[in-house]
Structures are given as C-alpha cells and as structure tokens.
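Generate coordinates for the entire structure from the input sequences, incorporating the hints supplied.
Line by line, the protein sequences are chains A and P. Taking our numbering, I'd label the letters of the first sequence as residues 1 to 349. Taking our numbering, I'd label the letters of the second sequence as residues 1 to 611.
Keep in mind the hints are simulated off the structure, nothing from the lab. It is possible that some hints are incorrect.
To be verified - Cut-off 30 Å, straight-line C-alpha distance, at most; resulting in silico cross-link-like pairs (DSBU-like, lysine-lysine):
no.	chain 1	residue 1	chain 2	residue 2
1	P	Lys558	A	Lys57
2	P	Lys270	A	Lys122
3	P	Lys558	P	Lys584
For clarity, every value in this text was computed on a predicted model and none was experimentally measured.
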Amino acid sequence: MAEQTTETRARAQVNLIGLEKSDYRGQPSTLCQGCGHNSISSQIIAACYELNLAPEKVIKFSGIGCSSKSPAYFLGRSFGFNGLHGRMPSLATGTMFGDHTLRAIGVSGDGDTASIGMGQFKHVMRRNLPMVYIVENNGVYGLTKGQFSATAESGLTLKSYGTNPYMPIDIAWEALVGRATFVARSFAGDPKQVKELIKAGMSHRGIAVLDIISPCVTFNNTDDSMHSYAWGKDHEVALHELSYVPPLEEIEVEYEEGEAIDVTMHDGSTVILKKLEHDYDPTDRRRALEILEEANAKNWLITGLIYIDTAEANLIEIHNLVDTPLNRLQEKDIRPGRETIDIVNAMMF
Amino acid sequence: MSAVQENLKMEPVVEIGSLVNNFSITVGTPNGSGSQTSNLTILRALFKMGIPVSGKNLFPSNIQGLPTWYTIRVNKDGFLARRDEHEVVVAMNPDSFAHDLAEVQPGGAFFYADDIRMPINREDIVAYPMPVKQIVKESDAPSNLKNYIANMVYVGVVAQMLGVDLDKIHQALEFHFKGRQKPIDLNYGVVQKAAAWAAEILEKRDPYRVEPMDATAGYIMADGNTAAALGSIYGGVQFAAWYPITPASSLAESLSEYLPTLRKDPETGKNTFAVVQAEDELAAIGMAVGAGFAGLRAMTSTSGPGLSLMVEYAGLAYYAEVPIVIWDVQRVGPSTGLPTRTSQADISMVYFMGHGDSQNVMLLPGPINECFEFGWRAFDLAERLQTPVFVLSDLDLGMNQWMTRPFEYPDEPIDRGKVLWEEDLERMNGRWGRYLDADGDGIPYRTVPGNKHPAAAYFARGTGHNEFARYSEDDKDYERNMLRLKKKYDTARDLVPKPFVETMEGANLGILAFGSTEAAIQEARLHLAKAGIPTDFLRLRAIPFTQEVTDFVRDHEKVYVIEMNRDGQLHQLLSLEYANQCVKLISLAYLDGLPMTARYVEEAILAKEAK
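In structure tokens:
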C-alpha cells in the first residue's frame, strides 16, 4: 500500500484504533460469486473493525472445504492456520495455549464439522475453548462438486446425486447437547444479525458456536432446499433483534420492562435481545432445546442467540497459566535450575 | 552433541557360569495380582546390594487373570540383557505352573505356592514349597489386601534362600510406598515372617545365591518413560497432548506427575505448561501441532496404533514446517498386535511417514539417561529444523526399570531456532518470507502468533504455498519449496546426535543396531570375541544417517544389522541409503516380542559366519 497518499489515508474512515476497514481485509475471494461464505467473511471484517480489534490480536483457524478456504479472504494481518479436514478444533486448542490474549475465530463447514469433525466439534465444546466457531452450513460438499453433506435434509434432491435418504444432523442441537456455552443460528442472508452475533461471540468467555446457513449458489440453492437463499428468506424466524454494545459504552436505546433482555458478557460488553413474537430467554438450556424442536416441526429457520452461559470458565483459565503468554517465556522460565537435577535423580531409586 | 553414552559394561571378574550373582529369577503370577510391587522390591533390593541387575515384565494385555512373568537377571559383570534360561523360578499361578516348572534350568531352584496341588515331576531341580496362604492368614492384613500381600511371601522366602539383605528389601518398600508407614509395615511384616519361616523350615539345596558387591554405585534405577518425561521438562516442554495407550501412557502421566513440582512460577504458583488428555490421537497431535505453530515446545507421546492415526497431521507439520516432538514407545504390530510386547517395527513407517514426498527426523535412544537427554534435545532439534522430530523408544525401554547413569543437566542452552519477534521485523522493515531460504540451509524463518508487528502474520497451510506463505499452485513454487525441504533434511544430518561407535582390535565385521538391544549385543560381542570373532559396533542414535554411519558401512567387510522386527526395516533403509554397498549389509531381524537375548545375537552371527 506504499502508493497510498497521506491525503487519501486522512479521508478514509478509521475506527478507534486508527485502522481502516481495508486493514481487516484479506486476499480476494476465490469462492463463487454470491456464495454465502463471502457474505460471512464481510461480516467478520466489519465486526472486527467495529470492535476496534487489532488484527494482530485475532487468530483464524479452519479445516478443509470451501468454508475453510475463506479465512484467507479476511484479516490478512492476522495469523491463521488452515488445518486438516474436521480437525480445526484440536489445532485451535493447542494454538490458544501459545498466547492466551489472542481472540480466535474458527471457520468450518457442515462437511468439515458434521462428518469427520464431529468428534472434535463435541470435544472442543466440552473444553470450552475461547473461540468463535462458525459453521458455514450449506448442506453440500462444494469443492468436490456437490455431494450431500450430513446436514442435508432427508429427501433433498440434487442434480447429480439423486435424493438424500438420510436424516440430517442439526449443528445447533449438537452444540447444545454438547454443552456449548454459546449457541446461535443465523443466515447469511441476514448480514446484520450475523455481524452482531460475531461481535457477541468474540466477547464470549468460552466457545461460541454460530451455525450460519450459508447457501451454495452452485450446488444447493433451489427454492425448496432448506439451505437456499429463498427458503431462508421465507422461513427465517428471528428469536429477537440482537444488538451488541461494547464495554463502557452507554446503552442508548431504552426498552420497556419485558421488551428486551440484556446479557452482560465476560468482557463487560452487553448483548441486547429485543423481543419479537416470542418470549425467549437464552439462558435456559431446556427452553433452547424446545425451540429447536419446535422450529424443526414448524419448518422455521430459527435464528438468533439460542443459548448462552457466561459463567463457565474456559479451557485456558482452567489451566491456570502464568500471565505472560507462554510463547514469550524465556529459558529461565521453562528450564528448571541446575540445582534441581540432583533432587530429580534422588527421586529415582 | 554431548559425549557418547557410557555403557553398562565391566570386565568379567569371575568365570561365567559361577553361581554367585550370576543367574536369572523368573516369577510367574496371575496378572493384576499386585506382583509388580513384589518383583520391583526384589529388583531394587538387589540393586541396593550393589549387584548389577535388570528386570523385565513380560505381561499380557489384560487387567486381571492371565499369566504374567517377571524376569530378573543378576549379573556381576554387568550383562543385563534378558536371558531365556531361568535358574530360579517362582510359581504363584496354577495356570502357568506346569509351564513354569518345565522352564527351570537343570540344577535350578523352584519355589511354589503350596496350595497349588500339581505334580512336581522333575528330579533335576530343587523344589521349595511356600505356605503362602498360611502366612497370609497369620498376617494382620485387611481381607481386601490379602491377595496382594500374598506375593510378599515369595519375596521373603526367596530373599532368605538367595541371601538378599532384608534391610535392602525394607528400603525398596519405603521407596515404593513413598514412605507411607502403614503399607510399608504391612508388606515388610509378611516378608519377615516368610523369611523367618524359610530360615527355620527350608534347607538350602540349590547353588544359587547373591553376595553384596559395589558395582551399582553411581547408578540409579529408572524407566525410559519417566526419563523421557523428565528430559522433556528440562527441555522446557510447554504443551503436551496425549491419549492413553500401552506402553506410552506412563510418559505423559510422568509429565503430569513432575511438571507441577518443577515448572510452576515460584512467585505466583501459576503454570508455565499445559498437559491435555485429548479425545484421541488425531486430536492429540492436532493440539501439539497448534501449540508448536504458536511457538510452544509441544509434544505428544503414543505407540503404533496411535501413531497411525497421527500420520496426516504429522504430514501437515512436515509441509507447513511446524516443530513438534512425537514420542513413539513402540509395541508389537501390525494393527493392535501384541500391545504389551516390545518391538522396533515402526522405524520404516516413521521414516516415510506422510503421503507425498516426506522425510522425517528420528532420534533413537538406547540407555535410559539417553531417553532423558533426547527428551530435551528433541525440542532443540524440532525448533531448529522446524519439523516433527520423532523419538522412537520401545516398551522394554519405556516400561521396565533399568540401571542407568544419573540424568545429566543439559549441557547446551535451549535453542529456539529461527524465530523473528517484533524488534527483528522492525529492523528488517517487515521484509521477510516465511518459506524463504534466506540462509541457504533450507531452514526458513518463522514468526509466532501474538507477534504484534503488522508484517508478522502469515496463514499456515497444508496446501501449496510460495515463499511468502501465499496459496500457490505454481509449478516452480512447488518444486522450489520441495527441494528446499530436501535441503533442510540434509542440514539435519549435521545436527542430529552422532552414533555411538565402539571398536575391537582386528575386527572387520561390523554390528549396527539401535535402541534397547545394546545390552544383548554387547554381551554377545564378548562371547564372539572369545570365539575369535572380534566385532566393531555402531549404535545408531538418529536418522537421517550421518557421516559416521557412512564411514562405518564403508570401512567394514560385512555389517550385521540387528533389530527387533520381521522385515529388517533398518536394514532396508540402510540398503536404500547405501545402495552401492548393500551386499555388505546383512539383516538379523528378531521377532518374538520379547527383549533380545545375547544368545540370539551370538548364535545368529555364528550361523552366518559358519557359512
């Protein structure tokens, strides 16, 4: 960006830490035009910009598939690691011990998470790794030309693969049952909600699972497919209108009693859930399971913050690490002193 | 690299065949009956008497019930490989009684629990019944411990009959029970009672006995997994992820045991490390790779089946150039194989591990304090080379107690390799390439997450990449990168530990081996030399092969490559490396899953030489 003049720099809008939105961009996307994943990448960029996060303080992870290519297309100044199919969670788990001050975003797909990745998906929730875990869910394998994934609805017919005979896996349901401490569902066609959920997730203490229906325009976007733009637009039922208020900022809009729920996040920010048709309390796990069942029965694409528990300690906290990031410790911190070797030998027989 | 490991090797002071401090004791018990405590007690007492001693647990993959054996070798000359001959046998298990009886060497001693009512149909041995039930009944052990205590009866009887010092037995029990008085007293009470009974009732009619020596001063007893864990701690391990598997579990468990003592911040009491028990080996290595990428000294430990699961992440670590240390405590394969038996059959797999072209760095520890040394050295190599470093131990090294020289404090400062921090990038004006061969040694520079310089970050990946870590399918980028990785592997030849080489006057035969087989080979070399066949010996300590290995192959008429697997895997690898000399390489591969014996080595070489 050397040719950029000071003048243009001055005119461009910057956030509170003096960065332009372009500082949060990545490489140009090589995904299809109109892919839901591109829309999600844009919202990650917008969310991090609006959160005033230094890109160097964010780290990205992914597995294998279209979704997992996308971290190259946002936050080019952030470290990232594109791991193995279904095994992004373990990679992220180890990495986060390196520098616990980083904020993590993991991007996966339904192929990556709901098949080979199911084991690691479940276990990363059990450990409450501090990470936003986004599943860009489109019901098909895009990179390998449109096979059914494990989240494809039973009875879905695709051009080259006939009709899917198997039951689908519900990512949000699995997350809830897996005791994830933050479970949300959203729709790539509802970018504002996606952005607010990413912000909320980035402020969460532990794992934040975002199951985002993200249509595949090439292989699975017919109007009757449950992962299409049209179906999503027609069937989305938002649990609430969600807005994120950063720490220390005044909450400007006043709500009547019972009209909204405030959730105070671990970092002091607030997530305001303005009531829509439903009375919905996202801190009640049983109610969360019920609403998913109800949505399933009524063919709703239920979206919003389905469940949250802000109290549970995360993996890194459980390990009681020193304050300095482990990867900045020096030899004297990690090699026991010379005087200890005799003690150790004496501990043997 | 540090000085070559000193071996357990002493000049014979008495003719071989003497019956003092020179025989094997084998104990047959049902698995899970607590006999390990008794066997270790005998082993440790002998060690404290100053007599060179080794113990091998030959156990089934079972929690309770199947026959298990423990064989102790006492040898005044320091030859401590397992032997197939058993001069003293203790039979506590009805299911293996007949077998155990048949195994006693002619003239040997056979101790048996007298409640096993089976015929003793041998005239050429001395049989000693032991009133196990009666002595246990007379002890004040709580009923739930009576079965465990029963094994202390043979400790007492055998100690009395062989001349083992009861004070040393007491010291061994104090160590085993970590000074807890109640179990010490309970067990020692039974030992004393049994010894007193034997002194009064049994008449010594066999010729085997022990006498105190001064040959264990300056040694400790330890197992390889504990040594590996402690070495890793002195190497500054910061992250370990693992999944339970025999025979590797105790390595990670030892990390958890010793890290809190050695590696908490003294002021805050907070940890400078994390150990995570993963959901499987796929995740264990994934976590380790993440931690290695993040700039931590990261490791995992496993055995064959777990290693198979780790292949894909190991390949990613190779290609993305992530430092990690992987301990493989080898057991018998293929597949689930014999989970409790020892082997050296993963060496080919590790050498070639990963799809596509890949070459891996391996360390091959022999003595137990080398398990310690390679514990720390492996991290230096992994971070210097930015690649997975595999340390291949085995069940015999990992789980059995061995005499060893004490662990030595690392004689080199920690080497973190080529890592760029903020100030480095500042100085370089942010101009650097993650996969650029800036120094011509094939090793690029890296940054680690958390580095705040705006040019620090890169996106690590298993897909094709250029020198600046961007996705690339360009043919030239691909080829250049792969050739640089090859160059890096050649650089490793100068960095890995050199082999241990020992020569004999007039030898033109070479023996080349690695790992736990050295004791058997050294003993056999002495016998062969006496038979007029002097040999030179090279114990390989690392792969890739170094110049010393090349010289050894070149300088000998024949090189016997001795290893514990079916296919002669090291022989195959050497034949590839030294294809133009491969007719000189003769494979002696030993297959039964039990630690190698000197007799095998001696007879195998004599048979080849007779031709």
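Results for each hint:
Taken as a hint, the Lys558(P) and Lys57(A) pair is broken in the structure, with Cα atoms around 60 Å apart against an allowance of 30 Å. Between Lys270(P) and Lys122(A) the CA atoms are separated by roughly 28 Å; this keeps the pair inside 30 Å, and the hint holds. At most 30 Å may separate the alpha-carbon atoms for a hinted pair to count; Lys558(P) and Lys584(P) meet this at roughly 5 Å.
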